[in-house]
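Taken in sequence, the protein lines are chains A and B. The numbering used here puts the first residue of the first sequence at 1, with every later residue one more than the last. The numbering used here puts the first residue of the second sequence at 1, with every later residue one more than the last.
No lab work stands behind these hints, which were simulated from the structure alone. Relax, there's no trap hidden among the hints.
On the chain A side, residues computed to face chain B include the following (Cβ under 8 angstroms):
| no. | residue |
| --- | --- |
| 1 | S33 |
| 2 | L43 |
| 3 | F50 |
| 4 | N56 |
| 5 | Q102 |
| 6 | F104 |
| 7 | G105 |
Below 30 angstroms or equal to it, Euclidean Cα-Cα: the simulated DSSO-like pairs (lysine-lysine) are:
| no. | chain 1 | residue 1 | chain 2 | residue 2 |
| --- | --- | --- | --- | --- |
| 8 | B | K51 | A | K57 |
| 9 | A | K57 | B | K70 |
| 10 | B | K36 | B | K57 |
Some chain B residues flagged as far from chain A (calculated, every beta-carbon gap over 10 angstroms):
| no. | residue |
| --- | --- |
| 11 | Q3 |
| 12 | Y10 |
| 13 | S52 |
| 14 | E54 |
| 15 | E67 |
| 16 | T77 |
Please read all numbers here as calculations on a predicted model, not as lab measurements. Note that CB positions come from ideal geometry on N, CA and C, so glycine has one too.
Now for the letters of each chain:
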Amino acid sequence: KAGVTQTPRYLIKTRGQQVTLSCSPISGHRSVSWYQQTPGQGLQFLFEYFSETQRNKGNFPGRFSGRQFSNSRSEMNVSTLELGDSALYLCASSLEGAYYEQYFGPGTRLTVT
Amino acid sequence: GQQVMQIPQYQHVQEGEDFTTYCNSSTTLSNIQWYKQRPGGHPVFLIQLVKSGEVKKQKRLTFQFGEAKKNSSLHITATQTTDVGTYFCAGPTNAGGTSYGKLTFGQGTILTVHP
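Chain B extracted, bound-state conformation (with noise of 0.2 angstroms):
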């Protein structure tokens, strides 16, 4: 079945470098989807990308979907606290060749960001 790595697990930065996180799946995917997960909460949507190449930002967020649509990049540029938690990437399948899919998530990056 389709698998989603995440890389890295763990990121400890201090306020105002930069982070990045990876994603790979083992299989094209249709669209990559990031979500948010404060410490305590619950995963909340970010961005998707759909397009071969695509770039997206959304203020110090900037997200890439790779040519191959098979790999995707988080990167936050100069960290503040705000930003600490984990960082999914999820890809959706159709394995069976249904129309609607089944959404498969990475592991997760977990940031934490020391002021």
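So here's chain A without its partners, still in its complex pose (with noise of 0.2 angstroms):
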């Protein structure tokens, strides 16, 4: 079975600029959670996705949206990229969600300057 991937691996930005990043889920699973991780504040959660509807979101601001089409894969959109927007973008998905084992992505690592 294909795990999760990611699309793009690395992306360079300057600020004020938006950026788009894909997810493809393993086969069956129909939930999608996005994180963000950086050095000093983990694995931060940004929300999740489960037949294409957001079940939960994390305390990121309203230029962190995301959605999920119905082959349940999903993207996220960063709208007026700033500095600290700079992490690795990780998605994960699982059977159910929250409360099943999740299948992290290889990652996207955005570089905002």
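Since each chain comes alone in its own frame, lean on the hints to assemble the complex.
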């Protein structure tokens, strides 16, 4: 079974730009969660999507948004990038959500200059 | 909101020594999950504990879930250089009474093993 894939793997953007990251979950998994990982803050939960609906949202500004498509693939968007948005963005898929084991993708390393 | 705390934040050991990381939740958990992230990699699921007082072993790794289901530990016996990485615990909560919950990760323990 193929694992979770994320594209792109690396991204360099400048302040004020916007970015879209993509995540393809494991086949059959309906839940996709997004996390921001930085050295100082650990794994911070962004949001979770299940069957195209956002079920949970973390404490991030409205510049961070996401969506899920009917095939469970998910995208997250960050608008008006700030230097502090530089981080590893991880997506994780699971069968049904938080009560189940999470399978993480390799992440997208975003650098904002 | 729920908080999941892990200690220690860092642990340096000599190869062959034992290692333990502790996880404490501010609320009772339905289960606790453990993940390992190698340097430069992504978190990989290790195990899930569900029952109060549960103990599970995976070779040199021993996982425990507290009786009150608010704390957990991961113990590695005779560490090897392949054990290097960050170990995270994570617990789901259903604040708001939902059935699907939200997963909260601890800050992780970074393990360094000196050969």
